[in-house]
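A.B. asks: Residue numbers for the sequence shown follow our numbering, so the first one is 3 and each next one is one higher.
Don't read these hints as lab results, they were simulated from the structure.
Glycine residues also receive a C-beta, built at the ideal position from the N, C-alpha and C atoms.
Fair warning: there could be bad hints in the mix.
Stated by the list, open to error - List time: in silico EDC-like cross-link candidates among lysine to aspartate or glutamate, alpha-carbon distance up to 20 Å:
{"no.": "1", "residue 1": "K153", "residue 2": "E143"}
{"no.": "2", "residue 1": "K68", "residue 2": "D101"}
{"no.": "3", "residue 1": "K68", "residue 2": "D104"}
{"no.": "4", "residue 1": "K153", "residue 2": "E23"}
Said to hold, decoys possible - Simulated restraints on C-beta separations:
{"no.": "5", "residue 1": "D101", "residue 2": "S60", "range": "19 to 25 Å"}
{"no.": "6", "residue 1": "E97", "residue 2": "I28", "range": "33 to 39 Å"}
{"no.": "7", "residue 1": "G29", "residue 2": "K68", "range": "29 to 35 Å"}
{"no.": "8", "residue 1": "A115", "residue 2": "Q40", "range": "18 to 24 Å"}
{"no.": "9", "residue 1": "P102", "residue 2": "L139", "range": "42 to 48 Å"}
{"no.": "10", "residue 1": "N111", "residue 2": "E23", "range": "41 to 47 Å"}
{"no.": "11", "residue 1": "A115", "residue 2": "L22", "range": "41 to 47 Å"}
{"no.": "12", "residue 1": "K103", "residue 2": "Q40", "range": "38 to 44 Å"}
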Amino acid sequence: MEGILQLFDEALRPAMREPLEITTLIGRLIARATNEAQAASISDLGASGIDILAALASRGAPFRAKPGELAVWSGVTGAAITTRVDRLERRGMVERTVDPKDRRIRWINLTDAGNDVLHRQAVELTTQPLFLNIQSLSEKEASTLCAILRKLT
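Please put together the full structure from these sequences, using the hints given.
C.D. replies: Next up, the structure:
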């Protein structure tokens, strides 16, 4: 990190130290989480597929969302959601339905198979070292970390 700090004017260095360290640590955390998630993966759906299943499950019964809502949740375009939902639908993880009250509305529904994969994936992730490290945080530390991460995203 000292090398990076050399790029900045001496007056800026103290103000840059913590943001640079935080950015570096978050990058390492992302890499570690990605590696552990891939190692724990029980399917080949990838993070984007699991993310959609999690978005649907988090909404509660009837476990469905409109494509635009999923796009906002995932932070991607509608076209990207269509591609991801197509892949999940072919695998039987989700299904598309038309709203009976308004045929213009399309719903993406979590299937039992999708819920099962999501549940098994979640159980597997709880055995990974990063999850166990996070679980060892005090309730206050975990709440503070969640609040900070929400603020950054």
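A.B. asks: Now tell me, hint by hint, if it's right for this structure.
C.D. replies: Hints and how they fare:
Pair hint K153 plus E143 holds up; C-alpha atoms about 15 Å apart against a cutoff of 20 Å. For the proposed pair K68 and D101, the alpha carbon gap of about 10 Å is at most 20 Å, so the pair holds. Our distance criterion of 20 Å between C-alpha atoms is met by K68 and D104, whose separation comes to about 13 Å. At most 20 Å may separate the alpha-carbon atoms for a hinted pair to count; K153 and E23 meet this at roughly 18 Å.
A C-beta distance of roughly 20 Å is found between D101 and S60, which places it inside the suggested range of 19 to 25 Å. Taking 33 to 39 Å as the suggested C-beta distance range, the pair E97 and I28 conforms, at roughly 36 Å. Restraint check, G29 to K68: a C-beta distance of roughly 33 Å satisfies the suggested window 29 to 35 Å. At roughly 21 Å, the beta carbons of A115 and Q40 sit within the given window of 18 to 24 Å.
Checked against the hint of 42 to 48 Å, the C-beta distance between P102 and L139 comes to roughly 46 Å, which is consistent with it. For the pair N111 and E23, the beta carbons lie near 44 Å from each other, so the given range of 41 to 47 Å is met. For A115 paired with L22, a C-beta distance near 45 Å keeps the hint of 41 to 47 Å intact. Between K103 and Q40 the CB atoms are about 41 Å apart, so this pair conforms to the stated range of 38 to 44 Å.
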